[in-house]
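Student: Those protein sequence lines, which keep their order, are chains A and B.
For reference, each letter of the first sequence is one residue, going 0 to 454 in numbering that gives the first Met the number 0.
For reference, each letter of the second sequence is one residue, going 0 to 247 in numbering that gives the first Met the number 0.
No lab work stands behind these hints: they were computed from the structure.
The structure displayed is predicted, hence computed values, not measured ones.
Honestly, I wouldn't trust all of these hints.
Unchecked claim - The calculated lysine to any residue pairs, modelled on SDA-like cross-linking and capped at a C-alpha distance of 25 Å, are:
id	chain 1	residue 1	chain 2	residue 2
1	B	K208	A	L79
2	A	K263	B	E30
3	B	K208	A	R256
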Amino acid sequence: MTRPADPPRADRQRLAGWGLQPRVDCDVYRPGSADELAALLRDAHGRHTLISRGLGRSYGDPATNADRAVVLHTGMDRFLAFDDAIGVVTAEAGVSFADLIDALLPRGWFPAVTPGTKFVTLGGAVAADVHGKNHHRDGSFNTCLIAFDLMTPTGDTLTCSREENADVFWATLGGMGLTGFILTVTLKMLRVTSSRIDVSSTRVGSLDAMLEHFAATDEDHRYSVAWIDCLARGAKLGRGVVMQGAHAEGNGTTDLRPDKRRAKSVPIHFPGCALNPLTVKAFNTAYYAKHGSGRHTEGFDPYFYPLDAVHHWNRVYGKRGFVQYQPVFPEQDGAAGVRAVINKLVDARRSSFLAVLKRMGGQAVGPLGFPMAGLTLAVDMPRGAGLEPFLHELDAVVLDHGGRVYLAKDAAMSAETFRAMYPRLDAFRAVQRRLDPDGVMSSTQARRLGIVGDA
Amino acid sequence: MSETAASPTRCALIVGATSGIARAVAQRLAERGWSLVLAGRDAEALEREAADLRVRHGVGVQTRRFDALDLDSHAGLIDGLDLAAAVLCHGIMLSNDAAVADIHEHRRMIDVNYTSYASVLEVLAACFAERGDGVIAAISSVAGDRGRPSNYCYGATKAAVSAYLSGLRGRLRPKGVAVLTIKPGPTDTPMTHGLTAKGPTATPQTVAKQIVRDIERRRSVCYTPRKWWPIMTIIRAIPEWLFKRTSL
Ligand SMILES: Cc1cc2nc3c(=O)[nH]c(=O)nc-3n(C[C@H](O)[C@H](O)[C@H](O)COP(=O)(O)OP(=O)(O)OC[C@H]3O[C@@H](n4cnc5c(N)ncnc54)[C@H](O)[C@@H]3O)c2cc1C
Ligand SMILES: NC(=O)c1ccc[n+]([C@@H]2O[C@H](COP(=O)([O-])OP(=O)(O)OC[C@H]3O[C@@H](n4cnc5c(N)ncnc54)[C@H](OP(=O)(O)O)[C@@H]3O)[C@@H](O)[C@H]2O)c1
Chain A
0 MTRPADPPRA DRQRLAGWGL QPRVDCDVYR PGSADELAAL LRDAHGRHTL ISRGLGRSYG
60 DPATNADRAV VLHTGMDRFL AFDDAIGVVT AEAGVSFADL IDALLPRGWF PAVTPGTKFV
120 TLGGAVAADV HGKNHHRDGS FNTCLIAFDL MTPTGDTLTC SREENADVFW ATLGGMGLTG
180 FILTVTLKML RVTSSRIDVS STRVGSLDAM LEHFAATDED HRYSVAWIDC LARGAKLGRG
240 VVMQGAHAEG NGTTDLRPDK RRAKSVPIHF PGCALNPLTV KAFNTAYYAK HGSGRHTEGF
300 DPYFYPLDAV HHWNRVYGKR GFVQYQPVFP EQDGAAGVRA VINKLVDARR SSFLAVLKRM
360 GGQAVGPLGF PMAGLTLAVD MPRGAGLEPF LHELDAVVLD HGGRVYLAKD AAMSAETFRA
420 MYPRLDAFRA VQRRLDPDGV MSSTQARRLG IVGDA
Chain B
0 MSETAASPTR CALIVGATSG IARAVAQRLA ERGWSLVLAG RDAEALEREA ADLRVRHGVG
60 VQTRRFDALD LDSHAGLIDG LDLAAAVLCH GIMLSNDAAV ADIHEHRRMI DVNYTSYASV
120 LEVLAACFAE RGDGVIAAIS SVAGDRGRPS NYCYGATKAA VSAYLSGLRG RLRPKGVAVL
180 TIKPGPTDTP MTHGLTAKGP TATPQTVAKQ IVRDIERRRS VCYTPRKWWP IMTIIRAIPE
240 WLFKRTSL
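Input sequences plus hints: build the corresponding full structure.
Tutor: Below is the structure:
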């Protein structure tokens, strides 16, 4: 036992998600071991609720707990085992994708599913069941996940996999931290022989052309994603650049070295006016003009993690913050849904710098899982007057087209919309209540969405 | 030296290896190719650190049991080891009120922070002096440079360590052994997490990088982050009649 006599000590901090708003006061604990976590769970029981937090890369409020407590997992960030013959790694949940790549890419292993930033913890990847540019082929993070250990809200540790405690396994994937604390994660990495990615980009002039291109070529590429100009409308709506990629073939030794480049940082919050319809239009037009069709090879960093090159890039939106809105639409209604959302964005002059479109491969298994076979769109919008009502209008459009909004990005959905988008909520609740009979788990998001009943 | 012989890896002992600063020092040493011996009182926690260092850096790591308060066990701490460096990192910080209120608790802090350092430092000194090589490093604190009303009980244990190391340094210099006094400013570890009066903290990684650099360069004193050297130089120069009126 570590320091058994010391009572756990909290640090009062003002926390937000990556979108910088809402900012709320939380009591932050940072246990260094499962024993310390168990001690603080006992201490918290009946006094306040808790939620896990990894690196805070979810955009909205799932990793905050206003006026209550947050458990930071960054003090539990150790690798525990690695089998180089088969690429299976076991690590504490606070280990990040950046750590995985630093340690294992030189030995020829890359994460088999990775989100668009490497500053995400394994715990966060499980809790959101994150997807990458290969969802159309390989599915979400769970497909490379073998098992995890979960400390439940009552302080027991459960090993969860497809075979063992399967209902807890699936409820935790996408369960946004509400089933308990993920302690360790075991996953299988992907064998690679080079740190570089062969990329082919194709410029397409409309949404229909883009969907045709996806349909004709997606299966041939491990990775596929498109940037779209979300100011273009009418016949040009959905024009953009499809970027498809595969791990380059290398010699398995020196070719595995990452490119050394130093990340830059945005040191201050930009004034709120730096991003306005004019700069956004200039950016979108220039981006479309610059990226023609062609092939090239680039490092994994610029390919998978372009935004990581600038630390704190979220500050370009200023202190008012921003949201990222990411719906997914089922295949049959996908194009209509994307069109409807983009038209609304253009009408409201809320178009985005970065709009990303991608085909998803299959329906999530977990009751709160996000993916469905179809199309997912992600757009950034600065916060400002009238944004929340506008997001609710978008929610209605998404619901109309049979879609749902990603909880890792959500910051404003109503409980009613959430219930309609996630019809298996009751199945989730049944598992959650069984694991947490005393209502220890809660987050700002979970209360807003009415997932848990904490007053 | 023959071209073909693999250069022998240098081995460092880290005492109190589960501490926040020690963990970062271990990462940095391993990154630079050192093999490690981790000593501490929590065997399971040490094994987790060791596994992590092996996976991340592919270096050799052993673990050993060490309890600062079990003085009789210290003589055997480095049996069978061939060390190029040792770093003492363990420590506790009671609040000044807690120490003043209970002399037994206070004495426990003195024993962990000072008595055990004196004990282990002599074990290391005897071994390193005989080999005529190596670096002995130990963590004191900026808090040991001056006694402040808010934290003098802890500060006094660190002042004792600093004075001890200063004498030991002179004694071991002719033997070819370097002694490094490490004086961190407030650092973001479990020791300071949640303390309201600590002010801004440095990351353990920043502190560890400078500690390892100064070990490898065989320096005498390591203020870390570096800004603490000029700050403490000024604070140490303030005469006592004036210092007692300040609230530093
Ligand atoms: C630039 C950028 C690009 C992104 N790209 C993608 C993408 O391509 N695909 C995608 O799917 N997502 C993407 N995301 C979102 C991100 O992957 C998820 O929000 C992820 O969950 C963040 O992980 P985190 O470690 O930062 O967790 P946090 O944001 O701190 O927490 C997220 C959720 O995980 C829970 N959680 C965290 N750790 C644990 C634990 N140990 N035990 C239990 N619960 C835990 C929290 O309670 C919370 O509900 C992106 C985010 C950014 C900023
Ligand atoms: N953090 C700062 O701001 C700061 C500033 C200046 C100086 N320092 C000094 O730097 C050193 C490291 O501090 P830290 O912040 O990294 O502290 P920390 O994370 O709190 O770690 C303290 C360490 O001391 C060990 N320890 C305590 N009692 C022990 C005993 N009886 N026997 C063996 N080990 C014992 C603990 O072991 P367990 O894990 O088994 O409990 C733990 O590894 C300490 O000497 C501290 O005084 C710290």
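Student: With reference to the structure, classify each hint as holding or not holding.
Tutor: Checked hints:
1. Pair hint B/K208 plus A/L79 holds up; C-alpha atoms about 24 Å apart against a cutoff of 25 Å.
2. Of the supplied pair hints, the one linking A/K263 and B/E30 holds, its CA atoms being roughly 23 Å apart against a limit of 25 Å.
3. At most 25 Å may separate the alpha-carbon atoms for a hinted pair to count; B/K208 and A/R256 meet this at roughly 23 Å.
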